[in-house]
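Novice: This is what each chain is made of:
Protein chains: 4
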Amino acid sequence: MAGSGFGNIFRITTWGESHGTGIGVVVDGCPAGLELAPEDIQVYLDRRKPGQSKYTTPRSEEDRVEILSGVFDGKTTGTPISMIVYNKTQRSSDYSQIAEYYRPGHADYTFDEKYGFRDYRGGGRSSGRETIGRVAAGAIACKLLNELGITVEAYAKSIGDVEIDYSVFDIKERDNNPVAMPDKNAAKMAELLLQEKMEEKDSVGGVVECVVKNMKTGVGEPVFDKLDACLGKAIMSIGAVKGFEIGSGFNATRLKGSENNDSFYAKGKEVLKMTNNAGGILGGISDGSDIVLRAAFKPTPSIFKEQETVNKNMENIKVQIKGRHDPIIVPRAVVVVEAMTAVTILDLLLLSMTSTLSGIKKFFK
Amino acid sequence: MAGSGFGNIFRITTWGESHGTGIGVVVDGCPAGLELAPEDIQVYLDRRKPGQSKYTTPRSEEDRVEILSGVFDGKTTGTPISMIVYNKTQRSSDYSQIAEYYRPGHADYTFDEKYGFRDYRGGGRSSGRETIGRVAAGAIACKLLNELGITVEAYAKSIGDVEIDYSVFDIKERDNNPVAMPDKNAAKMAELLLQEKMEEKDSVGGVVECVVKNMKTGVGEPVFDKLDACLGKAIMSIGAVKGFEIGSGFNATRLKGSENNDSFYAKGKEVLKMTNNAGGILGGISDGSDIVLRAAFKPTPSIFKEQETVNKNMENIKVQIKGRHDPIIVPRAVVVVEAMTAVTILDLLLLSMTSTLSGIKKFFK
Amino acid sequence: MAGSGFGNIFRITTWGESHGTGIGVVVDGCPAGLELAPEDIQVYLDRRKPGQSKYTTPRSEEDRVEILSGVFDGKTTGTPISMIVYNKTQRSSDYSQIAEYYRPGHADYTFDEKYGFRDYRGGGRSSGRETIGRVAAGAIACKLLNELGITVEAYAKSIGDVEIDYSVFDIKERDNNPVAMPDKNAAKMAELLLQEKMEEKDSVGGVVECVVKNMKTGVGEPVFDKLDACLGKAIMSIGAVKGFEIGSGFNATRLKGSENNDSFYAKGKEVLKMTNNAGGILGGISDGSDIVLRAAFKPTPSIFKEQETVNKNMENIKVQIKGRHDPIIVPRAVVVVEAMTAVTILDLLLLSMTSTLSGIKKFFK
Amino acid sequence: MAGSGFGNIFRITTWGESHGTGIGVVVDGCPAGLELAPEDIQVYLDRRKPGQSKYTTPRSEEDRVEILSGVFDGKTTGTPISMIVYNKTQRSSDYSQIAEYYRPGHADYTFDEKYGFRDYRGGGRSSGRETIGRVAAGAIACKLLNELGITVEAYAKSIGDVEIDYSVFDIKERDNNPVAMPDKNAAKMAELLLQEKMEEKDSVGGVVECVVKNMKTGVGEPVFDKLDACLGKAIMSIGAVKGFEIGSGFNATRLKGSENNDSFYAKGKEVLKMTNNAGGILGGISDGSDIVLRAAFKPTPSIFKEQETVNKNMENIKVQIKGRHDPIIVPRAVVVVEAMTAVTILDLLLLSMTSTLSGIKKFFK
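Chains as they are written, first to last, in the numbering used here: chain A, 8 to 372; chain B, 8 to 372; chain C, 8 to 372; chain D, 8 to 372.
Don't take every hint at face value.
Which copy is meant is left open, because identical chains are indistinguishable; a pair holds if it fits in one copy or across any two.
[To be verified] Dumping the calculated EDC-like pairs for lysine to aspartate or glutamate here, alpha-carbon to alpha-carbon at most 20 Å: (1) K276 - E107; (2) K325 - E266; (3) K223 - D182; (4) K223 - E266; (5) K325 - E107; (6) K82 - D168; (7) K61 - E266; (8) K263 - E198; (9) K329 - E315; (10) K319 - E207; (11) K372 - D177; (12) K95 - E315; (13) K220 - E46; (14) K319 - E170.
No lab work stands behind these hints, which were simulated from the structure alone.
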């Protein structure tokens, strides 16, 4: 089935494989009148591109985005915005070997089972490069949300067992270290951990946290398109994510109701909450507090260490995966989490405009 | 927006409020020829109905299901199956008080923000009774999956800090204790915990785990309708769920790649995995292993303990919520997790039939 | 597949068979705050109910609607509105005979081919009673559109070769004659034609025209969800419709461009058109003129005259269909066309609120 | 809203404007294993490209398609197929004039109303060039249908008042004349009519008919996704289409039931129909006969003749539209009708695979 589309009003459709001509996305339903230039997209893409540090693949890709449609006189026209990033590195010869066996932790086996064969070059469609389309679309969603005062920011919350310390939280620090942590000390410890794992020819996982500030209330459509349900799908659809949480998340299961409930209080004409265990969502609808979500990323499945697996002749073999791979997915995934969060929030925000007759009447007056 | 529908081919649309005429669901797209009687549904509904133990609300509801359409001569006809459960208890007088303020941890405030007002009787649409429609639909999905040999079973994995011990795991035990745990001793400890919390006028959370056995390979539609993404949405859409995991889940973030990767091995003509950290899903597609997922339920937000909140006049007040409430959501939610899992699995399984030209040709031959 | 749902934001899901328990619809996504009572629905249903004249089946059905959810304190709550009409006449014994063969012009054969068997009682799901759900939902859509000043009205434009004369057009007259024609003389001639056909044990077709007044501009989503495309689907989905037109329709194929183009002119600050061959839609988007559409209804396929067909034993047989059938579908279909038009217009109107950034900013300010 | 997508399982998303970088389409959900090369697409695109005769715009466009993804080793992989056709002619200077006023019969006014401004170069998104994406996708759908033995062919049935004569019908002749008529004499008369209209600086409309042969039974999803309803939407979404018919269409409104009903008869184990007024569809489901549909195309709105309209300053003005325009849309639209028909048929055919439990069981055995 058509599984490469996401969203209702603001709908994105991505395409492309790791070693094909390029990677792209069509953003359909973007409201007209938003100023948009390639640089608005590029700044987001640059945050996920390879070769930024010694912890990311040295694959040499510029990842320059081109806008092919939907923008005229510097503004979105309301028609589909098609964007493309050409693949520079397409040496498929590298990959003749992995065509023969199933890499553990990868989608090689399941793609073969589902489709009968697969584009084995660099993981094909299941490569991390697929997220380029998400990030390009997310950049537009972020820009649109910014116009309404809403911001979306993600960062590494933990890498392996190294966690950030919220008492020294500094979002600016995130962009100063190669592990995207908003805490200088934690970042250093995480780097040490990564070096250790690289020496062990192994890899490590981590948690990305994302915060949406200045959120409108009333966003989310119960009972199945609740804001947290849609965010859950958005985040779980990112490769290598094995878990998703909102607010107090799994920790809520160990709390008492009196601890986990957020008390309301009035401040002038505003209703506020003393705490935010809800993560900004009650009953699937935004309450105006910060949206706080977390994504659990597994360790990079491509490791240099020897592993056991099966080849096409159904022989049990041992393999050592060659090539370029990051010892950690998290730092480059931070912007992907932002992107998927922004796309989801924007789509549901637009949908929420039709919730009341009085709102509709005011709009058409 | 229309948010009360879920699924593509096998699509469910639920309706109804806690204290309206009833709760119902329309199951559209159910294949024709499935034998179906009300008892097939009732057995699932009985697992979530109130009054089953001292840990659940004594609200007296029989929750008898009626099938209104879509079945003829004892079989599904392929047309929409409409089902209804009438509400017996509709004493809205009970609820005049909570109309005046926002209950902490509930959707009262966000419904008012979104819709301008709300049906405050028993939580209206955001009541746990809304899940009746899900369970009724899930019963049909389970029956259909069973015809293909696939089973879906959930249970309480933890309640507060009481966890089951897998070495004594016994799924039959689940139905012998009031906390739906497949471990007799853990169940007893959980009961003690619940009694303690009830005395404290408080509540507690927990984790539901769900396992799908005999799963087909090739189910899930990358990159946005991946099996885990769709399951994530399905589970996160259940009220009170704050987190979702597949396989090793959040724990994967603290593992090394060499630990988290599942090695493949060949057994005859089958490709199997030595471990199942993937939870049965690689690259968003089922790999034939058991699907293993977990849902984090927060503690019941309705507690008897005094809480702080705001009333309609924007005054800060203290409230004690009266009425009937369970000290724990988990035991009655187990069947809801099963239902949403089954609905999701079935829908994507049907979609997967169109993945290859050779499969299509064989079908139409 | 799930084919019983229609619409995106304002989405309807219908269910029910001719001789099952009842017929119903769930309206999901209806904005909150609309005053709604069963009488608002009933007045529309009464226009399609049987037994209104000698040209309609004498089947005795009151067709009383019940609202089961989604309304509180007399207003829509924004949650799904479930409605049901119980079937009174369920004598399935009448239908034992037609279970054995395929009625010409009916869906008996195709239902058997698709689903393996069928609910043969009164046509089951493919009965005209299925439209009850459409009309109930359409009544809500009409009421909501009326709140914005928009009206939707249909009528019989022709019956057989009897056409209305626009020079004496009077919409009030539509409700004074049994053929729903807004022209007294044409109605009389149509009645004569119907009597003739009834004596011949035959039936006749006709054209329903529908006009939407005070339409907003900017409604419709190119290139696939154009307003005319969505209306086309809505109308073609009504049983017995074989054709659909907008504005000059098929006649446009015989006009010159200079004849068919509508000249624009300015009147104060308004842009108007001198003619309306476009039927109110240019490039798939409403231009503010009246929407004018037409639906071609085939003659009732159930006729008393002897016909040739095939029975279950693959024998060529001759049949005379017994029972109650209207010699014409058009008069009772008029309100169905209104309903589907209103549902479509409303859904796209709500979607159009998100077309521009400036509109969104104004809304959220 | 996102209106540039069509289909459920086999889903196409088009993008691009007349004078932007290019026009493209993403085909998502195409089954894996179909042999596909650019030439398979090109042969369809060549049938709609400009400059083929003196009755089409001399705009010099090669319209070469490139496949950017979704094909590996010469076969579709099951992942999205992205295709692009670059625009060669992008002289936007030509269009400075039409930026200032609203062309009658065009979408200039409605795009401004909806989006606040428009890409006025060559009609932008509402240009006929938009159909390139449809045709490219349709070529794939046709190839896939061919694999199942199903063919889709369209032709001009009438141009102005010149109709083809079915007694000399010859589909091969269609490609021998510039008006796409399967009747040599009618084609000559149509050419004379076109020359006359070109001299009058005017244009003319016509009807395209499309026939699907060797259709499977059981395709179409009542009650809203009926085969004819989906085809109606598909065809009505093509620019300049003002009407749609299935089988006897509008003519059915003037027939008696006994004339319009198609009698069934048995031939061996097959159920056949003596006539095909149904156009191959009963109750919204294919009956195995040929699908026969018609699309009414209005005359080209761009004419050289002087017309009245309004400019941006709200002045009533007279205009003569310069540039290149075809005096008739029909000949180049024939392949567009084929494309949209094929995309719709294929999507519903794939969906129909899930209609019965027995079919599903057989598939997964």
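Novice: List, from low to high, the hint numbers that the structure doesn't satisfy.
Specialist: The structure breaks hints 3, 4, 6, 7, 10, 11, 12, 13, 14; every other hint is satisfied.
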